[in-house]
Each structure stands twice: as C-alpha cells, then as structure tokens.
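**Q** Each chain is listed here by its residues.
2 protein chains.
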Amino acid sequence: MAIAKFVLVNAKIKLSILENTPDFSSILHHIAKHITLTEPEKELFISMLRLKKVKRKQLIEQPGFVSTHRTYVVEGAFRAYLVSPDGQEHTLSLAVDDGMIGDPGSFLLQEPATLFVEAIEASTIIQWSYENEQLLLEKIPQFSLAMMRRAQQIAVTIQRRVIAQLSLSAEERYDEFAQNHPLLLQRIPLYIIASYLGMSREFLSKIRKQKTTLKK
Amino acid sequence: MAIAKFVLVNAKIKLSILENTPDFSSILHHIAKHITLTEPEKELFISMLRLKKVKRKQLIEQPGFVSTHRTYVVEGAFRAYLVSPDGQEHTLSLAVDDGMIGDPGSFLLQEPATLFVEAIEASTIIQWSYENEQLLLEKIPQFSLAMMRRAQQIAVTIQRRVIAQLSLSAEERYDEFAQNHPLLLQRIPLYIIASYLGMSREFLSKIRKQKTTLKK
Numbered sequence: 001m002a003i004a005k006f007v008l009v010n011a012k013i014k015l016s017i018l019e020n021t022p023d024f025s026s027i028l029h030h031i032a033k034h035i036t037l038t039e040p041e042k043e044l045f046i047s048m049l050r051l052k053k054v055k056r057k058q059l060i061e062q063p064g065f066v067s068t069h070r071t072y073v074v075e076g077a078f079r080a081y082l083v084s085p086d087g088q089e090h091t092l093s094l095a096v097d098d099g100m101i102g103d104p105g106s107f108l109l110q111e112p113a114t115l116f117v118e119a120i121e122a123s124t125i126i127q128w129s130y131e132n133e134q135l136l137l138e139k140i141p142q143f144s145l146a147m148m149r150r151a152q153q154i155a156v157t158i159q160r161r162v163i164a165q166l167s168l169s170a171e172e173r174y175d176e177f178a179q180n181h182p183l184l185l186q187r188i189p190l191y192i193i194a195s196y197l198g199m200s201r202e203f204l205s206k207i208r209k210q211k212t213t214l215k216k
Numbered sequence: 001m002a003i004a005k006f007v008l009v010n011a012k013i014k015l016s017i018l019e020n021t022p023d024f025s026s027i028l029h030h031i032a033k034h035i036t037l038t039e040p041e042k043e044l045f046i047s048m049l050r051l052k053k054v055k056r057k058q059l060i061e062q063p064g065f066v067s068t069h070r071t072y073v074v075e076g077a078f079r080a081y082l083v084s085p086d087g088q089e090h091t092l093s094l095a096v097d098d099g100m101i102g103d104p105g106s107f108l109l110q111e112p113a114t115l116f117v118e119a120i121e122a123s124t125i126i127q128w129s130y131e132n133e134q135l136l137l138e139k140i141p142q143f144s145l146a147m148m149r150r151a152q153q154i155a156v157t158i159q160r161r162v163i164a165q166l167s168l169s170a171e172e173r174y175d176e177f178a179q180n181h182p183l184l185l186q187r188i189p190l191y192i193i194a195s196y197l198g199m200s201r202e203f204l205s206k207i208r209k210q211k212t213t214l215k216k
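Chain order of the listed sequences is A and B.
Reading the first sequence from the start, the letters are residues 1 to 216 in full-length UniProt numbering.
Reading the second sequence from the start, the letters are residues 1 to 216 in full-length UniProt numbering.
These aren't lab readings, by the way, just hints derived from the structure by calculation.
Check the hints yourself; a few may be wrong.
Copies of the same chain are indistinguishable here, so a pair counts whether it falls within one copy or spans any two.
Calculated cross-link-like contacts (lysine-lysine; reagent style DSSO-like; alpha-carbon spacing at most 30 Å) [claimed, not checked]:
#1 Lys-206 with Lys-33
#2 Lys-53 with Lys-42
#3 Lys-52 with Lys-211
#4 Lys-55 with Lys-42
#5 Lys-55 with Lys-209
#6 Lys-42 with Lys-209
#7 Lys-53 with Lys-209
#8 Lys-42 with Lys-57
#9 Lys-209 with Lys-33
#10 Lys-206 with Lys-139
#11 Lys-52 with Lys-209
#12 Lys-55 with Lys-33
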C-alpha cells in the first residue's frame, strides 16, 4: 500500500503521564453505562489505566507503527485520518470528551497502522495496553460483552458512513451529521468536518451559508 | 434517507425449513475456531438454530424491514447491496461457504434495514433470532467474546474497504481483493465484484484482460 512509503520518524510517542492521584471517574462512569463491575474487577481495571496529557497537534498513532493502546478521551478532541497518495487528508473518525479513538485494524491485528491519530485540542486521555486488554477479556467476562457492543457500534458507524457516501447528497450528509453529532459540530474545525464528510471546505462553507440565509 | 422510498412488498420472507435431521456440524466447527462450548452450552446453541434452503435471487433481508436473524452460510453465496437514489447498485459485503452476511446496523439496533441481502446461488443457511442471540450472550459468557472478535473483524474489514477506496488505484484494489479473497473471486460473478470494488464491470474486465496478457 502506498501509505507505507511514509518516512518513519518520531517513533517514540512521548506523552506526559500524570503521576498524582489520577482521576478515573469518567471512564468508570463510561463503562458503567454498559456493564456492572464488581469491586475487585474495578480495581483490576483501574490498575491497568494510565492518565496522560496530550498537546494539540501531537500524534498518538501513525502509519507504520503498531497501535499498542486503546485510547479513551477524558477531555479534548481527536481525529484519525489517512493521507492518500495524492497528498489529500481523509478524516475517518472523530472523538471528543467521553469518546474513543484509534486505528482499530492496527490494534486488533497488532500490525502497522495506516492512520494518523492526532489531537485537535490539548487533551487528557486514558489508555490501556493491548496485553492488558487481553487480560481484561480473560478475567472479566462482562468486559468482552461491553467491547462487543462497542465493536458492533463501530462497525455500524463505519458502514453507515459508507452508505451515506453512496446514497446521500453532500447537503444531506451535512444535515445528518449536524443532527447526530451536534457536539462534534461545535468542537471540530470546519476543514476537518469537510474532510470527514468527503467534500471540500469551500463546498461545506457554501452549504452552511445557504442554511443561515434560509433561516433569516 | 432516499432508500426509504422503496415499495415495501414481499414482507414475509418464505424460506423452506429443513425438518429432517438438520446438520449443524459446519457452524459448530466454525464456532469452535473461536471458543470452546460445554455440552449444555452446545445444546442450548443448537436448540436455537434453524437450517434453511434459499433459492438463487431470493432476498433474505431488504430495506424497510428490521433484520431479525443472524445468517451463517453453510453452502452458497450472498451479497449485501445498496441501491443509491440514481438506481445504481453498490455491493457492501459478500459471503460464501462458512461466512456470515446481513445488515449489521439493522440487526444491532433493531431498526429498518437499508441493505438488500440476496442469494447469488441456491444456498443453505443457518439462522438464529435476535431474541435468541440476547439469550446466548446472557447464558454463555464466551459467546460474547466470539461475537466481539467477529464484530471487531467486521469493523476492520469495512474500515479497510474505505481506506482502499481512498488510497488505492482501481487496479491495486483488484489485486488486493484477488490476493485476500481467492475463493470469492472464483465464486462471485464479475459484475458484483466490480460493484464491490467501486468500479464499472467494463473497467474490471479491462484490468483482468491486461493481467492475462502480461502473464502470456
């Protein structure tokens, strides 16, 4: 694949790990929406978590390197994108507070990533490693149920995106996005939303201008 | 969505259920690749399965109707496709012997499907219902692990397809498909493979002709 031609630099991703009294309440709350962990299970899970600070524009994953961690966004904004051989950026997924982001294929198969995962804002994330996830799946049966629901949801989201690209006009795609993701619309820069929706920034601006005029 | 405009006919899908000594060995073998079921778990699972015959061109799912069953293909060939507002068919997934097929979003969220799922050959399938799957997830912890791995694999497959569409040429997409899915290449008609790869039938024929000429 053409993507493998990227120069492999900046291999070691330096993230500042917060040492003092990490607050894992947000991810525990997130997990509690899906499953109920016992106290020992909760302790096991917490022992595997690392709270980290990421600067704006920092890459937490990049093509050519295996994705070694799951990333939960406590606070901040991220995008996962691909650079096609013609140099164009294509945004494949977005995440803000309480979301998750990564290169799912790279993590699942433990093979080199094809996506860049970049912080759009200065962010706080919680990560756990691939090895620890295998341990969680083994030790906490309910964990696999929660991860199954998540994986199914991701499959549905990606499939819907493919379907929208094939069957909706650019304006309909924008409307659907605005309706389903009002938070992302507020937080993510327009040029990234345009890239996610598969249209140029200029075209998205035109659509938005038309809508504002119609409302007046 | 424009897809909802389809006339909703043929609502009750009539499939002939095979009554005599159904053979579930293929799906048990399929499951055993991922998880080991105890005898009582195996019995519970088998009690939920239905073996069915499907004729060529028969639809087992269609837009507007909720996907009520998981479908495992014992023998045969299926495709899931979308008809875009301009009348074009876009193939989103393919399955032959020992594969699974369906509209994942419709099944997961129990809302109307957007895809047609059609038998490309006369086929034998095994199905279980949405309600029974919930029961399996509750009663057999390992089952959710197997379904999680499957869902993750689907997410990865769909994402790779999106990435290939964005970053590979038509010829590279064909090469990748031929390498990864030699069985599908043999079994699925060319016009459907062209639709899966996002190119015209004529263009795919041209690519294949060039390759044959090169080999001589």
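**Q** Run every hint past the structure and note whether it holds.
**A** Taking the hints in turn, this is what the structure says about them:
1. Lys-206 with Lys-33: neither (39 Å within a copy, 52 Å between copies)
2. Lys-53 with Lys-42: within (23 Å within a copy, 47 Å between copies)
3. Lys-52 with Lys-211: neither (40 Å within a copy, 51 Å between copies)
4. Lys-55 with Lys-42: within (29 Å within a copy, 51 Å between copies)
5. Lys-55 with Lys-209: Classified as neither; 32 Å inside a copy, 51 Å across copies.
6. Lys-42 with Lys-209: Answer is neither; intra-copy 49 Å and inter-copy 59 Å both fail.
7. Lys-53 with Lys-209: neither (36 Å within a copy, 54 Å between copies)
8. Lys-42 with Lys-57: So Lys-42 and Lys-57 fail the 30 Å test inside a copy (33 Å) and across (51 Å) alike.
9. Lys-209 with Lys-33: neither (38 Å within a copy, 54 Å between copies)
10. Lys-206 with Lys-139: Answer is neither: 52 Å inside a copy and 53 Å across each miss the 30 Å cutoff.
11. Lys-52 with Lys-209: Neither, since 39 Å and 54 Å both go past 30 Å.
12. Lys-55 with Lys-33: Classified as within; 29 Å inside a copy, 43 Å across copies.
In summary, the structure is inconsistent with hints 1, 3, 5, 6, 7, 8, 9, 10, 11 from the numbered list given earlier, while agreeing with the others.
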